[in-house]
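Chemist: Here are the chains, one letter per residue:
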Amino acid sequence: MMESCAGEYAVAEYALVACHDCDLLFRKPRLRPGQKARCPRCGAVLFQRKRSGMDQSLALACTSLVLFILANAYPLLRMNIAGRVQEGSLLTGIEELYSQGYWEISVLVFVVTFLAPLAKMLCLFYVLLPLWLFGRRAPKAERVFRWMEQLSPWAMTEVFMLGILVAVVKLADLAALTPGIALYSFAGLMVTMAAGDAMLDDHEVWERLEAADG
Amino acid sequence: MAKHAITAAEAGYLLCHCCHLLCRPQPGSIHSRCPRCGAVLHRRKPNSLARTWALTLTAYILYIPANLLPIMTVTMSGRGEPDTILSGVKELIVGGMWPLALLVFFASITVPVLKLLALTFLLLSVRFGSHWRPWERTVLYRLTESIGRWSMIDVFVITILVAVVELGTLATIEAGAGAVAFGGVVVVTMFAAMSFDPRLIWDCMAPKDGEVSSHSRPEGAYRMQR
Ligand SMILES: [Zn+2]
Chain F
1 MMESCAGEYA
11 VAEYALVACH
21 DCDLLFRKPR
31 LRPGQKARCP
41 RCGAVLFQRK
51 RSGMDQSLAL
61 ACTSLVLFIL
71 ANAYPLLRMN
81 IAGRVQEGSL
91 LTGIEELYSQ
101 GYWEISVLVF
111 VVTFLAPLAK
121 MLCLFYVLLP
131 LWLFGRRAPK
141 AERVFRWMEQ
151 LSPWAMTEVF
161 MLGILVAVVK
171 LADLAALTPG
181 IALYSFAGLM
191 VTMAAGDAML
201 DDHEVWERLE
211 AADG
Chain E
1 MAKHAITAAE
11 AGYLLCHCCH
21 LLCRPQPGSI
31 HSRCPRCGAV
41 LHRRKPNSLA
51 RTWALTLTAY
61 ILYIPANLLP
71 IMTVTMSGRG
81 EPDTILSGVK
91 ELIVGGMWPL
101 ALLVFFASIT
111 VPVLKLLALT
121 FLLLSVRFGS
131 HWRPWERTVL
141 YRLTESIGRW
151 SMIDVFVITI
161 LVAVVELGTL
171 ATIEAGAGAV
181 AFGGVVVVTM
191 FAAMSFDPRL
201 IWDCMAPKDG
211 EVSSHSRPEG
221 AYRMQR
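These protein sequences, in sequence, are chains F and E. Following the numbering used here, the numbering of the first sequence begins with 1 at its first residue and continues without gaps. Following the numbering used here, the numbering of the second sequence begins with 1 at its first residue and continues without gaps.
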């Protein structure tokens, strides 16, 4: 099925590219690392050659994964009201929402703060690691990388970090608060994931995936 | 620029949404997939206008309970009252936390409203084939698409409060139905922005025969930036 489908469409021309926002057709620009080409008609970024390579992306993904584990294994905050101590992590919050009967929000929060970021990191490893180590393409790597691109808008680690800050300020006059290991880990995770997004050159990955043999 | 700029669709090519490879349909094909990444190829996003309208209207409807129903109830030593999004902001102002109040107000009230208005405006402008400022409208679309996720802040605040504050008789925090509606608004508007196709803005702009396009900038094939 896949074979017959793929046969119906052919690669048009490697020298040409179109703007994804206004469909204008171009000759593909030749860029030096760090340069960006924008569409002259609508201003969308057409191409961007990043200065960093796959090793930086992989190193950041490794760091992110470690921080992600810490951020979910340890409590975010410890609070003390009149001598009674309570700790909470992201997962206890999701559990508590579920037990209060709001399964819709608990599923939503679970997906955007836990599942999507984790899946994104794992997909990146799956695609980049064999490519970087052996110059080979993992089975179905194209599909996994495509999923990763579609998943990206749903991974909301940096928004969650801002949510933690608002919650901390709201609780500050209610009780004595001690930030937990997970709070620092989330802050670090926000930075490493944003840096990873900024450094990953998806055009380069697609070209290398195409050139590598499976 | 002597002749008007040609689009991929006019040249008979399709751009893959996902890996940005330019593909050419073989004769006799209807729906197919990108030869490189396997994503389904479309000339334009399918039923873009109808889908975006449906999702935008759903979001408008959900927006009412999201603001009227309480998003959480904080109970301190047996007393407590339900909080809506707006009363949460008010409480931050009363507490003197101005920057935070502004942040929450911007993320939970301004962004969703502006997003809905922007989508409605884009849909109407495409519907009536407007030639008005296509560049600015495309930028508005890109902004709408990228800013939407920041509205989730309030939902996350509730999650954290619920996780930490559970001290039996001393204090409890319970989520409210408004939070479900509000989460729904954020998700539905994100889907609405994704289903809108900005190329429709430019499709209405295609000049008639003999007309010189006034919207192509003359500096060359593309602009380079350091
Ligand atoms: Zn463009």
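Please note: incorrect hints may appear among the correct ones.
As the list claims (entries may be wrong) - Computed cross-link-like contacts, DSS-like style, restricted to lysine-lysine with a CA-CA straight-line distance of at most 27 Å:
1) F/K28 - F/K50
2) F/K140 - E/K45
3) F/K28 - E/K90
4) F/K36 - F/K50
5) F/K140 - F/K50
No lab work stands behind these hints, which were simulated from the structure alone.
Chemist: Hints first: check each against the structure and report whether it holds.
Modeler: Status of each hint after checking the structure:
1. F/K28 - F/K50: holds (16 Å)
2. F/K140 - E/K45: Satisfied, since the Cα-Cα distance of roughly 25 Å is no more than 27 Å.
3. F/K28 - E/K90: violated (52 Å)
4. F/K36 - F/K50: holds (9 Å)
5. F/K140 - F/K50: holds (25 Å)
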